Amino acid sequence: MTDATTARNIPDRMNSRAVRIFKSWEALLLAVAITIFVVNSFASPYFLDAWNLSDATFNFTEKAMIAFAMALLIIAGEIDLSVASIIALASTAMGLAMQHGAGTPELVTIGLIVGLLCGAFNGFFVTVLGLPSIVVTIGTMSLFRGISYIILGDDSFRGYPSSFAWFGQGYIYWVFTVEMLFFVIIAVAYAVLLHKTNFGRAVYAIGNNPTGAMFSGIRVQRIKFILFLLTGLMSGIAAICLTSRLGSTRPSIASGMELEVVTMVVLGGVNILGGSGTIPGVVIAAFVMGLVTFGLGLLNVPGLVMSIFIGLLLIGVIALPRLWTMAAERRKE
Amino acid sequence: MKRFIPLREAILSAAILFLTLLVASRFPGFVAPANLANVFNDTAPLIILALGQMVVILTRCIDLSVAANLALTGMVVAMINVAIPGLPIPIILTIAVLMGAFMGAINGILVWKLSIPPIVVTLGTMTIFRGIIFLISDGKWVNSHEMSPAFTGFPRTVLLGLPALSWIAILTVVAFGIMMARTQFGRSIFAVGGNPHAAVYTGINVGKTQFWAFVVSGALAGLTGYLWVARYAVAYVDIAGGFELEVVAACVIGGISIAGGIGTVGGAVLGAIFLGVVKNALPVVDISPFWQLAISGSAILIAVAFNARSGRNKGRVILKSAEATQ
Numbered sequence: 020m021t022d023a024t025t026a027r028n029i030p031d032r033m034n035s036r037a038v039r040i041f042k043s044w045e046a047l048l049l050a051v052a053i054t055i056f057v058v059n060s061f062a063s064p065y066f067l068d069a070w071n072l073s074d075a076t077f078n079f080t081e082k083a084m085i086a087f088a089m090a091l092l093i094i095a096g097e098i099d100l101s102v103a104s105i106i107a108l109a110s111t112a113m114g115l116a117m118q119h120g121a122g123t124p125e126l127v128t129i130g131l132i133v134g135l136l137c138g139a140f141n142g143f144f145v146t147v148l149g150l151p152s153i154v155v156t157i158g159t160m161s162l163f164r165g166i167s168y169i170i171l172g173d174d175s176f177r178g179y180p181s182s183f184a185w186f187g188q189g190y191i192y193w194v195f196t197v198e199m200l201f202f203v204i205i206a207v208a209y210a211v212l213l214h215k216t217n218f219g220r221a222v223y224a225i226g227n228n229p230t231g232a233m234f235s236g237i238r239v240q241r242i243k244f245i246l247f248l249l250t251g252l253m254s255g256i257a258a259i260c261l262t263s264r265l266g267s268t269r270p271s272i273a274s275g276m277e278l279e280v281v282t283m284v285v286l287g288g289v290n291i292l293g294g295s296g297t298i299p300g301v302v303i304a305a306f307v308m309g310l311v312t313f314g315l316g317l318l319n320v321p322g323l324v325m326s327i328f329i330g331l332l333l334i335g336v337i338a339l340p341r342l343w344t345m346a347a348e349r350r351k352e
Numbered sequence: 389m390k391r392f393i394p395l396r397e398a399i400l401s402a403a404i405l406f407l408t409l410l411v412a413s414r415f416p417g418f419v420a421p422a423n424l425a426n427v428f429n430d431t432a433p434l435i436i437l438a439l440g441q442m443v444v445i446l447t448r449c450i451d452l453s454v455a456a457n458l459a460l461t462g463m464v465v466a467m468i469n470v471a472i473p474g475l476p477i478p479i480i481l482t483i484a485v486l487m488g489a490f491m492g493a494i495n496g497i498l499v500w501k502l503s504i505p506p507i508v509v510t511l512g513t514m515t516i517f518r519g520i521i522f523l524i525s526d527g528k529w530v531n532s533h534e535m536s537p538a539f540t541g542f543p544r545t546v547l548l549g550l551p552a553l554s555w556i557a558i559l560t561v562v563a564f565g566i567m568m569a570r571t572q573f574g575r576s577i578f579a580v581g582g583n584p585h586a587a588v589y590t591g592i593n594v595g596k597t598q599f600w601a602f603v604v605s606g607a608l609a610g611l612t613g614y615l616w617v618a619r620y621a622v623a624y625v626d627i628a629g630g631f632e633l634e635v636v637a638a639c640v641i642g643g644i645s646i647a648g649g650i651g652t653v654g655g656a657v658l659g660a661i662f663l664g665v666v667k668n669a670l671p672v673v674d675i676s677p678f679w680q681l682a683i684s685g686s687a688i689l690i691a692v693a694f695n696a697r698s699g700r701n702k703g704r705v706i707l708k709s710a711e712a713t714q
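Here the protein sequences line up with chains A and B, keeping their order.
If you're matching positions, the first sequence starts at 20 in this note's numbering and goes up one per residue.
If you're matching positions, the second sequence starts at 389 in this note's numbering and goes up one per residue.
There may be inaccurate statements among the hints.
Once the Cα atoms are required to be at most 35 Å apart in a straight line, the calculated DSBU-like pairs of lysine-lysine come out as [unchecked claim]:
#, chain 1, residue 1, chain 2, residue 2
1, B, K667, B, K528
2, B, K667, A, K351
3, B, K528, A, K351
A few chain A residues that don't get close to chain B, going by computed Cβ distances all over 12 Å [to be verified]:
#, residue
4, A50
5, N71
6, G122
7, T128
8, F140
9, A221
10, F244
11, T297
These are computed hints drawn from the structure, not numbers from a lab.
In this text the structure is predicted, and so the values were computed from the model without any measurement.
Glycine included, each C-beta is placed from N, C-alpha and C at the ideal position.
I would like the entire structure built from these sequences, with the hints used as guidance.
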């Protein structure tokens, strides 16, 4: 239906680059971010304070690290709902190692390895056995967190070495935290990977048409497996940061975070059905979500009420453009 | 014989039987009729919700908001009971079902009219419903002493040797058995999930069928919401937290294909009973209840891997290219 109409209305020239950027989802999102920033700075006198803003970045840095990898995974047409449980398992493994006298370098290594292993586990089920990623990761979501519960029960690990606190509590310079540095490095790395490499082009190709991608010589399953590995690795890094920041591990750590990560990705303009999306979009979405939760927090809105906003945001960002196009089509008729 | 007992259900029944006998070999009390009735009663909410979830999954959707729906309805009926203690139980049941159905309809409308992927819709409504419970209850609990005896007593009322909760589960199973096999709605659910394009050509409205599937799932979640709150005699924000995963697990274990179109009422019920037996057997054999989560996770993985294997050698793909493009 859409094919027929587009075939008849072939534009005689493309929009200029400036118009395209101006009309993009990212530009709209940036406008939203700026509006929220301005509204917040009027709503609360504590908002425009360098240290407060610096604290606010903890709201999104860890989630955004995972969101970048998740964006690639969703663009390729898969999803990973087990990321929060990977954090729980990696954090529990680090806690166990800490109890057996591991130092900071060992803890970091263990966190990364557990993340990679969990990603490989998901990737194996999805790419080797050919199972739908949504069921597999709902299963591993229970399994990974379940292992944490078996190990910890209702107990907790605490007493991490003081040098380990650097990741989640350290500052590079003035108000700039270590996590911010990680966030920037990872964002740049993923932007380059997705937008400037063959690998990134392959990810888009797989999301748009897996069969076509296969016939054009892309190793679809291998690339999907690598994407699951990357998501696992990012969850491992997030686990290191979060554990270091909290200074303790409970099996319920980061519960519900998968939802916020998916929301961030979708808010960033990534098509949940795969095939399109950009890293700059996810970066701005991270800021939007961070600013919203921070602003609401300053206004004393409780966390569970904030989750209503997150839920509405998730449905709203997908529903509104669709309502918009539906209304536009009706007007044309 | 093979026609009457499908292979998957037979294997699952054998697994349940094996598990029960394994526990019974060390603790004979586990298979006493009274205890088995207890296990069934304990599993009743899971059975009811799994049937609702089955209908949704058959139409190629998924409903992750059932547990939040359950908790919100439970909180609302509990608060109604505190405000008007004399309200008769049938009215409360009606309110619970209608409220649940309404929340299901919200999911359904978003999927049908705006064609938003069901996973996104229900992840969103899941958090919204939980947030609303916090808003209306102010984070407070409704405790047993605030509820009327009739309100909390209903699921426990014994009829012909079984509590009302068990009877409701049995009635739901029978109703679904008839609905899926004998009604137009039941058949169209299979058609929509099996091949949406073909369903359109046979005059079935795919979106509308999915909408009604969500309404059915929501209504059952609402019903279970009242039963849950009345049975445990407490309502708070986090009741049945994470229960949606157990419900999906029951369906997947019961052989309902997440790709839609394949599944039976018997499978969903057996999947739920399997999880129920595991849950009740763990404390008996002295394993920490913290194992429950990991076990249901592994069961999902094993079941879905197994289902994919057994589904693959069913029939012959004649037009491989046509199959792949879908």
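Take the C-alpha atoms of B:K667 and A:K351, compute the straight-line distance between them, and say whether it is at most 35 Å. This hinted pair is violated, its Cα atoms lying about 58 Å apart.
Could you check that no beta carbon of chain B comes within 12 Å of the beta carbon of A:A221? Label holds. Min Cβ-Cβ 19 Å, cutoff 12 Å.
Run the C-beta distances from A:N71 to all of chain B and say if the shortest one exceeds 12 Å. 25 Å, holds
Taking 12 Å as the cut and beta carbons as the points, is A:A50 off the interface with chain B? At about 23 Å from chain B, A:A50 clears the 12 Å cut-off, so the statement holds.
Restraint check for B:K528 with A:K351, where alpha carbons must lie at most 35 Å apart: 51 Å, violated
Could you let me know if the closest chain B CB is still more than 12 Å away from the CB of A:G122? 29 Å, holds
Looking at A:F244 again, its CB stays over 12 Å from all of chain B? 17 Å, holds
A cut-off of 12 Å on Cβ-Cβ distance, and A:T297 was said to be off the interface with chain B. Does that hold? 19 Å, holds
Run the C-beta distances from A:T128 to all of chain B and say if the shortest one exceeds 12 Å. 25 Å, holds
Beyond 12 Å on every Cβ pair: is that true for A:F140 relative to chain B? Its Cβ does come within 12 Å of chain B, the nearest being 9 Å, so this is violated.
Holds or violated: are the alpha carbons of B:K667 and B:K528 at most 35 Å from each other? It holds: about 29 Å lies between the C-alpha atoms, which stays within 35 Å.
Against the hints set out earlier in the document, violations occur for numbers 2, 3 and 8.
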